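Engineer: First to last, the protein sequences are chains A and B.
Under the UniProt record's numbering, the residues of the first sequence are numbered 1 to 283, in order.
Under the UniProt record's numbering, the residues of the second sequence are numbered 1 to 283, in order.
No lab work stands behind these hints: they were computed from the structure.
One or more hints might be untrue.
[To be verified] Here chain A is said to cover these stretches of chain B; the calculated rule only asks that three of the stretch's residues, wherever they fall, bring their Cβ under 8 Å from a Cβ of chain A:
#1 56 to 66
#2 223 to 234
#3 253 to 261
Quick caveat, the model's predicted, so the values are computed rather than measured.
The beta carbon of each residue, even a glycine, is placed where N, CA and C say it ideally should be.
Protein chains: 2
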Amino acid sequence: MTLEYESPLRVAIQGVRGAFHEIAARETLGNDIIPVECLTFRELVAATESEKVDAALMAIENSVAGGILPNYALLRNSELQIVGEVYLRIVQNLLALPGETLESIKEVESHPMAIQQCTDFLGEHPEWKIIESEDTALSARKISEGEIRGKAAIGSSLAAELFGLNILAPEIESNKENYTRFLILTKKDGKIRNTTSNKASICFSAKHEPGALAAILKDIADCGVDLTMLHSLPKVGAKWEYIFHADLVYDSYMQYLQAVKTLNETATYFKVLGEYQAGSEIF
Amino acid sequence: MTLEYESPLRVAIQGVRGAFHEIAARETLGNDIIPVECLTFRELVAATESEKVDAALMAIENSVAGGILPNYALLRNSELQIVGEVYLRIVQNLLALPGETLESIKEVESHPMAIQQCTDFLGEHPEWKIIESEDTALSARKISEGEIRGKAAIGSSLAAELFGLNILAPEIESNKENYTRFLILTKKDGKIRNTTSNKASICFSAKHEPGALAAILKDIADCGVDLTMLHSLPKVGAKWEYIFHADLVYDSYMQYLQAVKTLNETATYFKVLGEYQAGSEIF
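Only chain A is shown next, with the shape it has when bound in the complex (with noise of 0.2 Å):
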C-alpha cells in the first residue's frame, strides 16, 4: 500500500466492531485506527462525505456471491474517491466464552450468510440448536456481555479477542477461497494521499446503439490497459438504461491517461471513481 497519511484515523466501518470491515481496517490503516460503527452502506457514506470520518472500508465484491451492486451506485452518487483496495479471506471461528467445550455448547448463534458458510462443520453437530442473528460480531458480544454460557458464536478472530471469547474451533469456513474485496474511500482532497496507482475504477454510458459498448472496450484495450471487471446498472430514473462500472488496471499512467482521455471523447457520460494500487489478499 502508498498511502500518506496521520495516525490515528478515524474510520467508518459497515457493522459492529469484530466484524470484517473492522479487520480491513486495521489491515489496510493500521492498528491505531479509530473504527466507527455504521448501521448501513448509505450512513457509511454520508459519515465520510460530512467528514464525521477522515475515511471508509466498503465492501464491494465477494469471490464467491459476486459484486455488491448498490454500493457502486452509491460510491457513484458520492463525493468520495477510492484510495486503495484490499482482499480479505472469510475465516470463521467458533468463539464461547473461556470454560466452554465443544461438548458443552448447546446453541450457535450467528448471522445467516456465516451460518451458511459453515455447513459442514455445523453438520458435524446436529445437537446443536443453530440460532439466526443480524451480525456475526454482535452475537460475539452478546455472549461477552450477558456472560451466557452454552452458547457459542460464529465470527472472526479480532470478535474473539475484542470481546474476550475463546477460540473453540478455528477456520470452521467450508470453502477456503471466499475473499472479499473492501475499498478505501475518503472525501476528495481528504486526509489520506496516494502517490502510485495501477488500477483505476470507473465508471460510464454508452450510446444505445449496437456495438457501442465493443468500441469503447476494443478503445481502451488499444491502450494497453486491461478491464478486470464489468457491470451494467440501471440507470435510475432511465428505465432499463445502463451505466457501465469497470476496473482497470495498467502498467504505465500515460497508458491509462491516453484510455481516459479516448473515454472521454467516446463515452455519454464518464468518472472516474478513483485511481490506486491493486490490492493484495489477505488471510
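Guided by the hints, dock chain B onto chain A, whose structure is given.
Structural biologist: Same frame as chain A, but now just chain B:
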C-alpha cells in the same frame, strides 16, 4: 408471450403467497396456476429440477438496485432454461382489516425493503410504529389470520385479495419507476414450449488477455445482435477469474445463430441459458 403449455401449471415462487413472485407468475402463466412456495432461490431451482413443479418465477434484476447476481450463478449451474421474462412494476399498498382507517392504525409492519420504498408516505405518519418483518405478504397474512386490529402491512394488492384485507392507501411507493424483472424457468424439455424468440441470455468466459472481451463483444455486434446487459461474475474456485453473463436481443434468429457460432469459436466457455420473447412491462 408465445408460450405453449397445458394448464394448470405448478409454479414455484420465492417467498410466500401474495408476494410479487406470485403476481409475476399469474401475469405470465395464468390465474389458474398452482403456486408452490419456496423459502430460498436455491430451493426454487431444486424444486424445478426435480420436477416437483412445472416452472418457476425468479427475480433477476431490479431497475433501482441492479442485478441479483447470486441468481445468475444458480441459473448457470442448474439444468433449467429461461423460456420467458416479465417486467413487473413494484406497487406497494397499505393493507389492514376491514373497518380500519388511517386514523385507527398504530403500527405498520413489512419487509425492510418495502418500508424503505415507502419512506415518503410513512414520513407523513410519524405517529405510526414501524416494525420490520421477513416478508411483505407474511405480514399481511399474520394480520388476517390473527385478526390484529390497529395494525397495517405494506404489500401487494394480491396479498389484500388473498388474505381478505382492505387497501387503506394505494400506490404508496415513493419511486413509480421501480420495476423488477422476473425470469420464467423450466427444466429442459419441460412442460412449457416457447415458439419464437428475440432475446437470449448467455454466459461465457474470455481468454485472460487484454482486449479479449472487447473482441467477443465486437463479434456479437458485427452479427447485428445487440447487448442489453453484461455482468462479470467470479468463477467459484478460480479466484478472481470471471464469467460474463449477458443478454442479447435480435430481430433475426439467423443473426443470433451467427453470434452463437462466433462465441462457440472464440469464447473459452459458452452456455446459452435460454432463448425467449423479450418481456413487456406490467403495471
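Engineer: Are the hints correct? Go through all of them and say.
Structural biologist: Here is how each hint holds up against the structure:
no.	hint	verdict
1	56 to 66	holds (count 6)
2	223 to 234	holds (count 11)
3	253 to 261	violated (count 0)
Hint 3 alone, counting from the list given before, is not met by this structure.
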